[in-house]
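Asks: This is what each chain is made of:
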Amino acid sequence: MSKKIKISISKLYKIFGQDPKAALEHVLAGTGKSELLAKHEHVLGLQDINVDMQEGEITVIMGLSGSGKSTLIRHLNRLIEPTSGKVEVDGRDVLGYNEEELRNLRRETMSMVFQKFALLPHRTVAENAGTTLKVRGVPRATYLAEAAKWLERVGLKGFGNHYPHQLSGGMQQRVGIARALTSNAPIMLMDEAFSALDPLIRTDMQDLLLELQAELHKTIVFITHDLDEALKLADHLVILKDGYVVQQGEPQDILLNPNDPYIEDFVSDINRARVLRVRSIMTPLQDGQVPADAHGEVDFDDTLESMIAKSGGDTSHSYVVTRDGQAVGTLEMTHLVKALVPRAASEAGARKY
Amino acid sequence: MATYDFLFDALGLRAWCDSGKSADGPVSMADLLAKTGKTTETTIWDLPFPSLDSLNDACGAIAQSRDLTKGVGDGFLAIKGVLRFVLDPLTQPLSWILDGTLSAFEAAPWWIMFPVLMVVVFVASKSLRLVGFVTACLALLAFIDHYDHAMQTLAIIFVCAFLCVLLGVPIGIAMSRNDRLQRVTIPILDMLQTLPPFVYLIPLIFLFSVTEPKLYGIAIILYAIVPVVRLTDLGIRLVDKDVIEAADSFGMTDSQKLFGVQIPLALPNIMAGVNQTIMMSLAMVVIASLVSAPGLGVLVLRGIRNLELGVGLVSGLGIVLLAIILDRVTKAALDRVNAAQKQ
Ligand SMILES: Nc1ncnc2c1ncn2[C@@H]1O[C@H](COP(=O)(O)OP(=O)(O)O)[C@@H](O)[C@H]1O
Ligand SMILES: [Mg+2]
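Read top to bottom, the protein sequences are chains V and Y. For the first sequence, the working numbering gives the first residue as 1, with consecutive numbering after it. For the second sequence, the working numbering gives the first residue as 354, with consecutive numbering after it.
Worth flagging that the hints you see were computed from the coordinates, not collected in a lab. Just so it is clear, the structure is predicted and the values come from calculations on it, not from any experiment. Treat the hints loosely; a few may be bogus.
To be verified - Pair ranges (Cβ atoms, derived): (1) V/10 <-> Y/543: 50 to 58 angstroms; (2) V/108 <-> Y/464: 55 to 63 angstroms; (3) V/108 <-> Y/439: 25 to 33 angstroms.
To be verified - Per the computed footprint, the stretches of chain V lying under chain Y, defined by three or more beta-carbons under 8 angstroms from a beta-carbon of chain Y, are: (4) 94-106; (5) 118-131.
Backbone N, C-alpha and C fix where the C-beta goes; we use that ideal spot for every residue, glycine too.
Input sequences plus hints: build the corresponding full structure.
Replies: See the structure below:
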């Protein structure tokens, strides 16, 4: 699969305060976030962010509250102007855009979904979903038809003439998603889009998003503070802390090899069996030899949870891992059990008790 | 000898004081008393505040307070010509509109006015009960032969409140978009709101002739425009930041945002402002009968001037009825807007 970089952020800095340029000098000289606030009364929003986002993938940006996630995503459509750095979309530097180009970028290339839905309370659901086309001057009948199509796609058929306040939170966010999809923009920005929803609804919405993504292959930038959500959705995971990137990469990889205590803390509470996949812990086949004593075949992308169910909990089993019908590796159940215990957390736990 | 002589002596200003002494200056009450020859012993209890008048006693070069009032009056009269020259043509349309509307309301027979008002009430409130109530109130007013006066009052309120909204909403919008403008405008609004209505009338009377409708028109508009300006500004500033951000993120232009998001979402506040503006127009139109505004206020004034208790009380009742009608109808319209925007 040939990948193309859709959005590229490099050397991005954002400082909030009276004189960000001057404060930037301090940051470049090594001043940290808390020191900058205490000594120079400037808030360090983002520092030295370098992230490439691939076309057709979901890039998840995760971090605790205040770590700069919202600030980062708002740089992509320039709702916030950077202090320094570069943001490229399709190879063009967004920061050089004039007002007209920026407006076109926001109208045609990117659409955004918000944590608090941000629907227009005085417009019907259909009108809300059509807003993104309406701003471009598309005739009413056309945008309402397009909106109806996407509302149906997100499971809101027949709600077009309701008003947002008549819908539940989950349904309102479906309208938010339909609104973003109606714009037909290739990039979707989602700032904690599911954080305000109940856990069950949230799971539904994640499934909906994955389902849509399988079909539409948008470039999605998804923000969350919830690791489970991040692991479920992410093709590429970026972990932010105090405005800098602690670690980024394939989620499975980060889970198995966390490079920072901050991330270890995060991952220690996760249900690893549900998140880790066979491909991350298998032993690749040496010289095409399939072991004779295997108990069966499992798929490359199966979760460890399904493996445990399959083996009936017997740790003596081993399996052949296949991908598209081809054997690519082997999996020992003993290996699997070891992978279920996070390294750092078990040490910390041993120390604690 | 005056109390503060020592002050000017000590400062060595005696010569200056005496040179400025004019014999033909206005005579103060104290001077007259002094001429009667009764010189009283001054104790610390009688120490006068060093006001203009008491300083003038000691030093003739200092002006008396009545020179001040005279000066202000003269100053106003001096610029009056220029002000008139500018304001007169500018405000002339107001007289025409008021005259036109008044004669239209007066000319229309009651059997046309009643249905028209009923339709207006229904369109604004979508409530048949309210239409019934308003009709009953108007019928009562007509029954006691106060219909003509009530219609005059309504006509004036109609014109003035309409102009308040027409001018006030754009001013409020401009204020909400520009912090500096807001800082300048708010003290002016505060002043307009705190000045007792009588005080407005004084300069206006000198500026325009008392028989011109625009005189009371301006007084009413100045007084009643404040809430609609304030609440438009407030309403737009209070629009949910998240929704504004969403509007930006979809690439709305400023005017798409203003007309598609900000004004509609500020509408409940703007309507609350319109309600207050209408109520304040009613209050002012009664007072403005002092400067020849027709309507129920004239009857109240007659009640006061001629001590005709019954006339005053009954027309007062009429004003109360009008107030209730206007309040109910605008509140009902406001409730409808609120219901549509529940979040
Ligand atoms: N307009 C602003 N002025 C000053 N500080 C800000 C501003 N916006 C955000 N910040 C600060 O930047 C940091 C990151 O904020 P944010 O991006 O909203 O975090 P997150 O979305 O991850 O919770 C926080 O410390 C916040 O206080
Ligand atoms: Mg945030």
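Asks: Starting from the hint list further up, note which numbers the structure goes against and sort them upward.
Replies: 3
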